[in-house]
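Protein chains in written order, with my numbering: chain B, 1 to 389; chain C, 1 to 389; chain X, 1 to 389; chain F, 1 to 389.
In short, the hints are calculated from the structure, not lab data. Owing to the predicted nature of the structure, the values given are computational and were not obtained by experimental measurement. Possibly wrong hints are sitting among the right ones.
Lysine to any residue pairs mimicking SDA-like chemistry, simulated, CA-CA at most 20 Å apart [claimed, not checked]:
id	chain 1	residue 1	chain 2	residue 2
1	C	K377	C	L118
2	B	K300	X	D382
3	C	K377	X	V54
4	X	K99	X	H131
5	B	K184	C	A318
6	C	K184	B	A318
7	F	K5	X	V54
8	X	K130	X	R342
9	B	K184	B	D156
Residues from chain C that keep clear of chain F, each with C-beta distances beyond 12 Å, as calculated [said to hold, decoys possible]:
id	residue
10	F19
11	P77
12	T161
13	L287
14	V289
15	D293
16	V298
17	A304
18	L306
19	R343
20	T357
From the derived model, a few chain X residues whose C-beta atoms are all more than 12 Å from chain F [as the list claims (entries may be wrong)]:
id	residue
21	R26
22	L76
23	P140
24	H320
Heads up, the beta-carbon is just placed ideally off N, CA and C, and yes, glycines get one too.
There are 4 protein chains.
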Amino acid sequence: MSSRKALRFGMVGGGPGAFIGAVHNRAATVDGLATLVAGAFSSDAAKSREQGEVYRLAPERVYASFEAMAEREAALPKDVRVDFVSIVTPNHLHFPVAKAFVERGFHVVCDKPLTTTLEDAEELCRLVKKHDVVFALTHPYVGYPMVKQARALVQDGALGTVRKILVEYSQGWLATRLEETGQKQAGWRTDPARAGAGAIGDIGTHAEHLARYITGLEMEELFADVSTYVPGRRIDDDANMLVHYAGGAKGMLSCSQIAVGEENRLTIRVYGTTGSLEWKQEDPNFLYVRHADRPMEVYKPGHAQLVRAAQHGTRMPAGHPEGLLEAFANIYGSALRVMAARRDGDTPDPLDLDFPTVRDGATGVHFIQSALESGRKRDWVDAAYNAPE
Amino acid sequence: MSSRKALRFGMVGGGPGAFIGAVHNRAATVDGLATLVAGAFSSDAAKSREQGEVYRLAPERVYASFEAMAEREAALPKDVRVDFVSIVTPNHLHFPVAKAFVERGFHVVCDKPLTTTLEDAEELCRLVKKHDVVFALTHPYVGYPMVKQARALVQDGALGTVRKILVEYSQGWLATRLEETGQKQAGWRTDPARAGAGAIGDIGTHAEHLARYITGLEMEELFADVSTYVPGRRIDDDANMLVHYAGGAKGMLSCSQIAVGEENRLTIRVYGTTGSLEWKQEDPNFLYVRHADRPMEVYKPGHAQLVRAAQHGTRMPAGHPEGLLEAFANIYGSALRVMAARRDGDTPDPLDLDFPTVRDGATGVHFIQSALESGRKRDWVDAAYNAPE
Amino acid sequence: MSSRKALRFGMVGGGPGAFIGAVHNRAATVDGLATLVAGAFSSDAAKSREQGEVYRLAPERVYASFEAMAEREAALPKDVRVDFVSIVTPNHLHFPVAKAFVERGFHVVCDKPLTTTLEDAEELCRLVKKHDVVFALTHPYVGYPMVKQARALVQDGALGTVRKILVEYSQGWLATRLEETGQKQAGWRTDPARAGAGAIGDIGTHAEHLARYITGLEMEELFADVSTYVPGRRIDDDANMLVHYAGGAKGMLSCSQIAVGEENRLTIRVYGTTGSLEWKQEDPNFLYVRHADRPMEVYKPGHAQLVRAAQHGTRMPAGHPEGLLEAFANIYGSALRVMAARRDGDTPDPLDLDFPTVRDGATGVHFIQSALESGRKRDWVDAAYNAPE
Amino acid sequence: MSSRKALRFGMVGGGPGAFIGAVHNRAATVDGLATLVAGAFSSDAAKSREQGEVYRLAPERVYASFEAMAEREAALPKDVRVDFVSIVTPNHLHFPVAKAFVERGFHVVCDKPLTTTLEDAEELCRLVKKHDVVFALTHPYVGYPMVKQARALVQDGALGTVRKILVEYSQGWLATRLEETGQKQAGWRTDPARAGAGAIGDIGTHAEHLARYITGLEMEELFADVSTYVPGRRIDDDANMLVHYAGGAKGMLSCSQIAVGEENRLTIRVYGTTGSLEWKQEDPNFLYVRHADRPMEVYKPGHAQLVRAAQHGTRMPAGHPEGLLEAFANIYGSALRVMAARRDGDTPDPLDLDFPTVRDGATGVHFIQSALESGRKRDWVDAAYNAPE
């Protein structure tokens, strides 16, 4: 619980049946930092209204289009209108929605991948800078305390110099042609027009970001073996990549949606010159640290010996498992506390300057494009990228 | 998110520094089922006010005593006053607080153990019945989906007839005399006057309830070896018990707060005539099921093959870890949906008649007293108990 | 491989179909320390011959009775006759066989439990002393390197003073009345006349010995809840015990042969004042060590930081799993190196004075009798015991 | 134990301090199938003699060179000379030693990789065929029962059609320049002249063979990112590869000797159209099988529901862990039983035609060369290969 006044927010997307809208709402509100007051939940006015009723919003704050919402919210008095919007639409709408709100000075929390083209991503970077808004991208997995501890171990040199990074995100839910069954998620996520990219965009970007977050290393070049396993599918559903990082580290990155039996197997291992670490998303409260000359250590949340960033993201005493909701809420929490501090004319707590930004989003889009390009060329491609400041 | 109107609730206890108040608040509100509108957070008026400001409550709804709160809330119009209260005080206050609210017709969600004497517990049973209120006891561990699946497997006979139950709750936080350091939790939890019992009351009751919830079996007799390991401590900090259940099953129950290095090691195994199961609270999203003649099976949440009760308690797709907050919210959720259905004149969903009640609480208090009595006598004691209907 | 000349040995028991004979033979020979040259494998002369042919023994060294074997081997020249015998018969024969060989000055390696009565066990202690022979009892589980490391951690005070010991051996193979199907193992192991005791004697003794080996603590009193779950069975198939150890430690000991789905779940946890450890036989190459104020450590074999006793028992570089055969071979190895040193007039390596002895066997028999007595009386019994030196 | 007469064997390599010689000796003899009777343990005559004494060999059967051994053993009477030799020298000697013995009609068990050039490997294939000897290559990891079960599951279609294979062998022992410290293993294994290849040859081949053994799929093309991380080292110590298999499966293969903290992390996952499996060498007695629509299954050895090949390779009842020694002994066991059957004029048991052959060795050498070539070219290379029959 924060002692600051809660922020007001709106949501774009997240209509009836979309689980991710509820996740964002819980993440935004679970710590009392924000209250949902508006929404354009669907481009179908009836569905948007239906969802607005679920959230018990005032009917006049429920919109049938994000354009209408942006326009009218901007026209409301400052102490009534939303402070920020959460964008949980299919990928192709992230850009126009974000643009509409950023240009009107609203803060934004946006689902990943940021956009479906690099041009759009870079324009967003410029707009965010120009309008000086807070922009957070929901790579929720870096919100886990043990990921923060991992990052600190690397930064503090506890592993020596990083040599090898193995990161993977494997799912099995698209092992068959689920999109033909009318399943909504599968529908848009395998539609090139709405998703932009398949497995690489949906989950490969999480893997890319996780590796970058923990190690602080930027990709330099990559070689991707991109596949579409399921006959008839029009988008990638699996990719295996070789990666070279700045400074000489190398590694592999794999993402798959056809790995039958896997749910959300996001795992990372980082090998340095003197130590290594391992973390697994499905068992997120354990961090394994190995050295050559002593027993493996297993870190868990809730202990005083952890770095402050890890303690900051834990709500319960040790031994009470926390899950993805709390990780998600940590991303929101940091972004929202920064927004609230700005609103109140305060300097944000440096511990809160720890959420994926619009520049992370542009880097992710560049990664997607590099991977697809390498797959097409069957060759190494330059993966170095520096998003517009 | 529910389509019903949210309930209003108040909290008794949970003042500054008490982590459990925040847990209850999150659990009550995370699904949009309730809003905190009142509280008597501390018997120190300043502290109660301070906490009320954190929750941004109207000052006139923040009270310096539960008696004042009960009286004044009862005097408020029906559509303003709280629908229920959450009781998160030290144990010795559960009874007077619950009594004050039940007698005025408020629903109650109360932390365990229910009371510090069996007389009080039984009086509460009668009051709840007389005033016909909903009363939920927060044994949150039975809110985990895999615990619900375990219960269903036993009920459906998937393990045959239950023969042996091994249940344990081990913690290490009281391995030293922490209560001497001024740590508040340790202070009241090791004070006989405020806690009533030590390890047995604080965590042994969770173990007792978990075993009963999963197997449906009542204890018949028990033999407890009760210890106080830490010199100078005035209350039990460890107990090992032999248990006989109705119908012939036997087992062991162990609880400890001096098990150094353990956090919240609550685990259970149930052996039947044809199969067995195992569950571990610190890794709650895995349920292990064994049979003699086939490979062990590992159940996880989020799958269509699970029983409805398990699916009911899952908010995310498979592979997104959920933790204690969600388990806690499942206890609240069921109780609150029942309260809301009553308010709205509807029949509750039978799936929601799945939360620990005041009678479970009385059974737990009887268990505590039996264990302490057995420990004193160094002999078997009758553990059979039938709480007042 | 040792540089000493291999010992010659004979086997009593271990006829066709008895898996344990092959285990003993492999354990005795895998390091080149001994060669099987004689045997009385069965009281059925034809079966004994059949087994002798499998081992390619000289026919005149294959006997139809242990009495004949003892007598004739003793009459052979010193450099021809066996140096020791391995006794792998059903329990009721351990005593007469051991006696016959010890009295003739042969060293003995004997399966557990030592005998079926305490009188016999104590007589054996005296005989071993009188005839000054080496006598090893095969509790193979203490041969695992990680068990030796555990013992060293306790001895070195790495856990502080031991407070609580939880040890368990659960199997499921006798969950049904297997003895009625003609299965040979099940037949004699559930026959009171041949086995003496059931689960307590067969596996409870392993648990008792493991706890004593690791902690060095003797039992002082115990309370046993002894069961026979399977209808018609004439012997215990499950027991749960409360145990008080000398010096104030307490704990539970459980053994079961009706724990369906379990194979050889022998596990131990030891909680001290400052740290704790955990080990699991089915994953024997991992030792978990916990402290209040730092991450859990996971020890594995093959590392230079381990105690010498743990390194002594490892044959491969780290990461090459070793199993029960090697643990068994470590018990044999120590005993055989002591025998060989004596033969050669040398002082044994102190590292080899690390195998269960006849006095451990008598302690185990006393434990069995105490447990059965407590079960009958439904009361605590004195479990303190001091075997004859 | 076999009822056949034991074979006699000799060893080339495995002098003082070489752990692998002892491993081969134990693996060859633990089941009573063979007896070591001769050896050329070192090219240093004194060291060879020293080792011969450890094994207590007749001095005239201990040789100072493999040439002398081959020549003289061939001149011994048929019932005296060795039946086979085990070759455990550094890699560059595998070829001349194997050639010398194969040409004289001796069976051979040879460590991997087969040779340091493909020409040599193919010549060996032809010689083995010409002289009609049994030739086994020790990829011991396919001797584990759970690997055999995995292979059977794939062959039986339990996973559908294989789509993706992730195989990895990570070690950390060469993370520093150990070869400079005089450590003997590190010395020859990082010397291009004696090892031929580094990580790829030493452990990459195990990974390649494991994937081929389980799935039955041949590589078609591969792309390797080959690294030497440790400054000054003259050989590869890490490689990450993309692999395309015949029939459309794809995957990654990684091997590393600089993965600090890892011991022998050899793991494989195979994803098919309907199911997937996972196995980890350091926990070899567990096989994980996943399907989309039911709980994960965990297979363990020793059960009647396993395929015969898996049961064939298990010596103990379920729950008694077996390790690498037994896996190694399974490779030896199959090869030796085939040799013995031939000697005795019998048809081998088809279950024993299950050991890596000289053709597997040639395939492995081709793989090493392809990987090194791809690494040099930074391009895909053709990896399809058909060893000479």
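How the hints compare with the structure:
Restraint check for K377 of chain C and L118 of chain C: satisfied, since their Cα atoms lie roughly 19 Å apart, inside the 20 Å limit. Pair hint K300 of chain B plus D382 of chain X does not hold up; C-alpha atoms about 42 Å apart against a cutoff of 20 Å. Restraint check: the Cα-Cα separation between K377 of chain C and V54 of chain X comes to about 60 Å, which exceeds 20 Å; the hinted pair is violated. In summary, the hint linking K99 of chain X to H131 of chain X is supported, as the alpha carbons are separated by about 11 Å, within the 20 Å threshold.
The hinted pair formed by K184 of chain B and A318 of chain C meets the criterion: a straight-line CA distance of about 17 Å does not exceed 20 Å. A hinted pair counts as satisfied when its Cα atoms are at most 20 Å apart, and K184 of chain C with A318 of chain B qualifies at roughly 17 Å. Distance hint between K5 of chain F and V54 of chain X is fulfilled; the C-alpha atoms sit about 9 Å from each other, no more than 20 Å. With a CA separation close to 16 Å, the supplied pair K130 of chain X and R342 of chain X stays within the 20 Å bound.
Between the alpha carbons of K184 of chain B and D156 of chain B the distance comes to roughly 44 Å, so the proposed pair goes past 20 Å and is violated. Its beta-carbon lying about 34 Å from the closest one in chain F, F19 of chain C satisfies the requirement of being farther than 12 Å from that chain. Interface exclusion of P77 of chain C from chain F stands, the closest Cβ pair being 52 Å apart, more than 12 Å. Even its closest Cβ contact with chain F, about 23 Å, leaves T161 of chain C beyond 12 Å, as expected for a residue assigned away from the interface.
The Cβ of L287 of chain C does not lie farther than 12 Å from every Cβ of chain F; its closest approach is about 8 Å, which violates its non-interface assignment. A cut-off of 12 Å between C-beta atoms contradicts the statement that V289 of chain C is not in contact with chain F; the least separation is 7 Å. At roughly 6 Å from the closest C-beta of chain F, the C-beta of D293 of chain C falls inside 12 Å, breaking its exclusion from the interface. Its beta-carbon lying about 4 Å from the closest one in chain F, V298 of chain C breaks the requirement of being farther than 12 Å from that chain.
Listed as outside the interface, A304 of chain C is inconsistent with that label: its C-beta sits roughly 7 Å from the nearest C-beta of chain F, within the 12 Å cut-off. The Cβ of L306 of chain C does not lie farther than 12 Å from every Cβ of chain F; its closest approach is about 9 Å, which violates its non-interface assignment. Even its closest Cβ contact with chain F, about 39 Å, leaves R343 of chain C beyond 12 Å, as expected for a residue assigned away from the interface. T357 of chain C, annotated as away from the interface, keeps every beta carbon of chain F farther than 12 Å; the closest lies near 31 Å.
Look at R26 of chain X: its CB is around 6 Å from the nearest CB on chain F, not clear of 12 Å, so calling it non-interface is violated. Remark: the non-interface label on L76 of chain X is consistent with the geometry, its nearest Cβ contact in chain F lying 21 Å away (cut-off 12 Å). Distance check for P140 of chain X against chain F: the nearest CB is about 9 Å away, which does not clear 12 Å, and the non-interface claim fails. Not every Cβ of chain F is farther than 12 Å from the Cβ of H320 of chain X; the closest lies at roughly 4 Å, contradicting the non-interface assignment.
Hints 2, 3, 9, 13, 14, 15, 16, 17, 18, 21, 23, 24 from the list above are not met by this structure, while the remaining hints are.
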